[in-house]
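Work the whole structure out from these sequences, hints included.
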Amino acid sequence: MLIALLFATFMIVRLVPGDPARRILGSEASPEDVQALRTEMGLDMPILNQFASYSSHVFRIDLGHSFITNQPVAQIIAERLPRTAELALAALLLVLILSIPMGIAAGVATRERRRPRLELAFGALTSVGGALPEYLAATFLAFFFAVFLRLLPVAGADNPLSVVLPALAISIRPIVVLARIVRVETLNVLAQDFIRTARSKRLPAVLLYGRHTLRNVITSALTIGGLVFTGLLGGTVVVENVFAWPGLGTVLVQAVLARDYPVIQGVTLFLGIAVVVVNTTIDLLLGVLDPRTAVRAQ
Amino acid sequence: MARAFLSAPSGIAATLLLLLIIAVGVLAPIVWGDAAARVDLAHATEGPSGHFLLGTDKLGRDILLRTLVATQLSLLMALASALIGAGLGLGFGGLVAVLPAPARTVGERVIEVVLSFPPILVAIFFTAIVGVGIQSAIVATGIAFAPSFARLANSLARSVASKDDIAAARAVGIGPLRVFTRYVLPNIAETLIVATSAGIAAALIAVSALSFLGLGVQAPQFDWGRTLTEGIASFYTAPLQALAVAFAIGAAGLSLGFLGEAFAHATNPLLWGAGRGHAIARTVLQQSTDPSPRNGRPLVLSVRDLTVTFPRNGGRVTPVDSISFDMAEGEVIGIVGESGSGKSLTALAISRLVPYPGEVSAKRLELAGRNLLDPNETDDRFLALNLGMVFQDPMSSLNPVLTIGTQLTEGARVHSNLGRREAQSRAIARLSEVHIPNPEQLLSAYPFEFSGGMRQRSMIAMSRMNEPRLIIADEPTTALDVTVQKQIIDVLRELNRERGTAILLISHNIGVVAQICSRVIVMYAGRVIEDVDTRSLLRKPAHPYTRALIAAVPPLGADRSVPLTTVPGRPPDLDAIPSGCPFNPRCPLVTSRCRVESPSLVAIGDSHSAACWVTAPGPSADTPSAR
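Chains A and B, in that order, give the protein sequences. Position one of the first sequence corresponds to residue 15 (the working numbering), numbered consecutively onward. Position one of the second sequence corresponds to residue 23 (the working numbering), numbered consecutively onward.
What the hints contain is simulated information worked out from the structure, not anything from laboratory work. None of the values given here were measured: they were computed from a predicted structure. Hints may be right or wrong, so weigh each one.
[Said to hold, decoys possible] Ranges of calculated distance between the beta carbons of each label pair, as one might list FRET restraints:
(1) B/A451 x A/V291: 43 to 49 angstroms
(2) A/S70 x B/A211: 47 to 53 angstroms
(3) A/I287 x B/F470: 33 to 39 angstroms
Here a beta-carbon is modelled for each residue, glycine too, at the ideal position from N, C-alpha and C.
Here's what the structure looks like:
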């Protein structure tokens, strides 16, 4: 998996149409300069050697230097990472504390086709929310809270409250998507025989829903909704650019625009690893929550 | 099916909105193309006015016109990238599905892995390679959505590829590519077209995101994403531009997405029936009028005219129709009947677990002398302490993610106010009663680690945790092997003899019931048709249905894989219960009277009554029911 990521980021430069060095330097550069850059980038070497050299550098956390600022890429990532992590974690927290209770409550309230009007309202609301991409949510939120109410800062990360709007913008879609999944899973779980057994023990609602329903719901919702969590990373990259948030997303977009390949390689590699880590965490969590998968894994 | 959703009001609204957007996309650049590009610095950054309906941007260009004109490029880009994504995904995912097993597994794994990366990151990754611009944004977005199309195409193709004709095609040596184009593709094309139309919504949003980030459309060309960026730049001074474009993207995305979803819904019958299940039903309160006769042993259960109804097709059906019986403390009674006879619903009605929206009514429904129809008189604690339930399939009836210990102890901890330790030692005692070896160690085990028989023993132990007077066991042996069935029956019998627990045993198998019960109630179409002590049941069953049930009992040790001999004919549908005796269409002894008049339960001996005009002709039709 990691090797595939390594290879993919390595190939960014190799796949650029034409001569990467020429593209970087522009058409006015002298052939000597282009040749010098080719040598510096190792483009003269056989491709396998290039990959080996790239990999060994990556493993020594040497991601090269930015073409533009000449700053080490590892240092850029280290500087920007805390801001991105802050945003992504705030969004994750919002998603977890809002979507699961919302989905379960909606599921319990609309089980067995009770309250059809509530079900309809929930469906309509989550359809709209689910179709609202992060950057549109960001635009509307920024308008309402920052421009219209002038309550919250609209750009930058200087104020502790700055994180509120971007985090909300990132999390709205995942919240409703996950809440929908959780509601359907809740309906499925509530229809299971073991819930009837639990009811026959006359358990209070706290145990019935909090113990017998919740764990089964989370297990299946995580299995289906795992993509929501990696999606938060994509959302973060986009929303950082709306709010001029000094994280990895803004750096990445600037680097793509400036054809700053070492930065692009470093940041995409890092984000790719983050996606893998999130997925692995979900798998591990599933193992803890569901004893059956733990046994299968052994 | 498409007509079904197009006729719904929301479907019409979304369709009209989409048609409007498409019309704007086609016409706007022709009509307003030049006006939208006209720079007019004299009118820069103006608010809405009669001339500029939504005001102007910082170069004095009309915001409304720019938003309208940008529609075309945005829609075309979205369409192009959705087609690229669908094409790539279909090619890869579909082909993978028809490959031989090892290559298929690898291919599917690749799809899953790529799919775990957010599409927007994949798109940015590819723009980094191909550079910024319209074409690259389209290609990058297309590639980013290819994995999800690939997965869809793959799962569709696999479901098709397992069909018989395709298996046959492969067996005669037709290669994967040919199987794919000749057999798989035609079968999945329709669904894929639907998915592609839904994918346009996602593509629109993604491709606009790329332009918004500055990686797509470059000035002086403009699409919605580009216009949104320009709007954000002057957000504080002129928020209208960003808002107008944001609304345009949102409306287009929503109407496209809604149509796609509605299409998917209309073409996938699996999505129609979400939400089914069990829960406590509304109970119709009806105070008992006549006092219960308590001759001999005190009654643990007294049922008079218990009726359960469900709404169906505008009317109501009555799966349990005025059944009556009494049960003394420590008695073991069986209720038998085919599926659909109402026996299980009777059990659920007594235990107040009838699923919504069923309604329960009765002249009297008493557990240990207290009215079950009044939740104030019989609260949850009373029920928990006096009534235990054992359900059919112990695999599905025990919670898979909770330990046996938790599931056994929780009821006692809540309702008998036991601490953790006390509840655990009680659970160990109960598990020993049902002959589970080493119960201490099993408390931390999960249901899936047990055999079927062990699970059912645990279930019985669980129902005994609060030492109830009555246990209702609903088909407790049905899902088990014959040898295990006998063990479970022995456990129940032992509980009854040694602890004096009354047991109401529900089963379709009259043989199982006769082994343990002192009395048997036979139900048909929601009514009691015979109520008889076990000895009379075996020696001289009265009702033709009862006789047929006895004839259908498999001999002990019969192979369970062989279909059981059954009573000829089928039980009636609740919508169409025959007039007269409900059994008359299947009855070998049917007379003309049976087709017109419904027989009542009449006594034909000591503790034996039946409802049959032929074998139990009573003196009058209004003889009191049950005993």
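Numbers of the earlier hints that this structure fails to satisfy, in rising order: Hint check: nothing fails, all pass.
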